[in-house]
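Keeping their order, the protein sequence lines are chains A and B.
Here the working numbering is used: the first residue of the first sequence is -16, the next is one more, and so on.
Here the working numbering is used: the first residue of the second sequence is -2, the next is one more, and so on.
Honestly, the hints are just simulated from the structure, not real lab data.
Fair warning: there could be bad hints in the mix.
Below, computed lysine-lysine pairings styled on DSS-like, alpha-carbon distance capped at 27 Å [as the list claims (entries may be wrong)]:
1) A:K276 / B:K87
2) A:K154 / B:K72
3) A:K154 / B:K57
4) A:K204 / B:K57
5) A:K203 / B:K65
6) B:K57 / A:K148
7) A:K169 / B:K57
What the simulated footprint calls covered on chain B by chain A, stretch by stretch (three residues with Cβ under 8 Å from a Cβ of chain A suffice, anywhere in the stretch; the number is not a length) [claimed, not checked]:
8) 74 to 82
9) 112 to 126
Please read these numbers as outputs of a predicted model, since none were measured by experiment.
The beta-carbon is built from N, C-alpha and C at its ideal position, and this holds for glycine as well.
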Amino acid sequence: MILFRNILILLVLGAAGASAAEKVRVSSFSTILTEIAEQVGGDHVQVTGHVKPGMDPHDFEPKPDDLKAVAEAQLILLSAKHMESYVPKLKESSGAKGDIVQVGDQFPSLKMKSEEGEKEIEDPHWWHSIENMQRATAIVRDELIKVDPTDKADVTKNADQYLAKLAALQKWVKMEVASLPRNRRKLVTSHDAFQYFAHDYGFTIYPIEGITTEDEPSSKKVASLIGIIKEQGVKAIFPETIENPKVLTEITRETGAKVGGELVADGLGATPETNTYEGMMRHNVMAIVTALK
Amino acid sequence: MHGSPLLRALAAFVAILFLGLPLWRLTHPHAVAETVTAPVGTEGAKAIHLQLAFTQVPEKFRILFLGKELWKEPKPSAEMERDFQVPYPKEGIDLVFEIEWPGDTLSAARVQLRTPDGRNLDKTIWGKGKAEETLTFE
Chain A
-16 MILFRNILIL
-6 LVLGAAGASA
4 AEKVRVSSFS
14 TILTEIAEQV
24 GGDHVQVTGH
34 VKPGMDPHDF
44 EPKPDDLKAV
54 AEAQLILLSA
64 KHMESYVPKL
74 KESSGAKGDI
84 VQVGDQFPSL
94 KMKSEEGEKE
104 IEDPHWWHSI
114 ENMQRATAIV
124 RDELIKVDPT
134 DKADVTKNAD
144 QYLAKLAALQ
154 KWVKMEVASL
164 PRNRRKLVTS
174 HDAFQYFAHD
184 YGFTIYPIEG
194 ITTEDEPSSK
204 KVASLIGIIK
214 EQGVKAIFPE
224 TIENPKVLTE
234 ITRETGAKVG
244 GELVADGLGA
254 TPETNTYEGM
264 MRHNVMAIVT
274 ALK
Chain B
-2 MHGSPLLRAL
8 AAFVAILFLG
18 LPLWRLTHPH
28 AVAETVTAPV
38 GTEGAKAIHL
48 QLAFTQVPEK
58 FRILFLGKEL
68 WKEPKPSAEM
78 ERDFQVPYPK
88 EGIDLVFEIE
98 WPGDTLSAAR
108 VQLRTPDGRN
118 LDKTIWGKGK
128 AEETLTFE
């Protein structure tokens, strides 16, 4: 009888130990959410980041390996706000049983023009607002606790530490941006990704259209942009790519504006300097503030 | 000393008044409202008035404007006010506040700014021990 009892105790303890060691499997389709899940989950999670730093999430399409990981995941994190157009396909073809969390859909959106320019859609680049990052961290924390409540203490502690880092980063960004007069906070850019950033730190965005494509823009369009840059006293412009250097040269010559540093727009960058959220934000803020001063 | 006691009393009163005024000014810096030129480019500078009130007198306090020191008070008092000349575009200005209070209790600073066009803007900074905050006045 005693022997039976001891065996039973050993079995129960063994099962508990195995369960404690088992990590929550997370599939993330955003480099930003991958970082949050890793930071908040710590040793309790095994995160598969499908979109890697430096990749354009707009162009990402899941492959068979991605579907396999999704099928086995207990938690699937999506950036949302229409970023992952493949979601219905992902659900159907992977047979995902884990909780699919559309993180970005759980906080307010700014609007942007669709690629066709016909209608207004939700701007998916919510992570350029640190406040949104704080919201996303709380969402990921709560979802991880829901999947495995036994990790609650550690996950909460990790989330608090990450939130404190974000608060310190917010303070730094505000102080850096404060060194730039508010009437110089004009962001002339070809990329629509910085609306949330502009909203939080008092910038106005003037879109560059037609100078970063191979097509020759009309002289009227170039003249209009030159007029805006001169009128607004803009010191630098931030084209995403420079596929039309002739036009860009004309604009910088006519206006005296310089070409600002490259901004990391669609998630974490590929370089060691920009492959963390803090690194990416610091890089973008320094590039913008330095160029516009 | 000769002369009428009345004259002597009057002379003593004038002397006390004469010495007392600078002493009172020195011990009540909050009541001094003087124009201070901002240590930044004053092109298009306009007058603003800043008034501060602390729940607890801070040990250290300074305000930065466009990355440069605008106002530093080595011995702050519970209430202070000053006039400044700063560039004030229609988009407004950002002021960075650095405050250090003694101890770790929750303290607050009320910041009132009168804009060049006469509007009164009111904000509060909270902190335990210290606060570093950027306030926007539009």
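Checklist entry - Which numbered hints are broken by the structure, listed smallest first? => result The structure conflicts with hints 4, 5, 7, 8 and 9, although it agrees with all the remaining ones.
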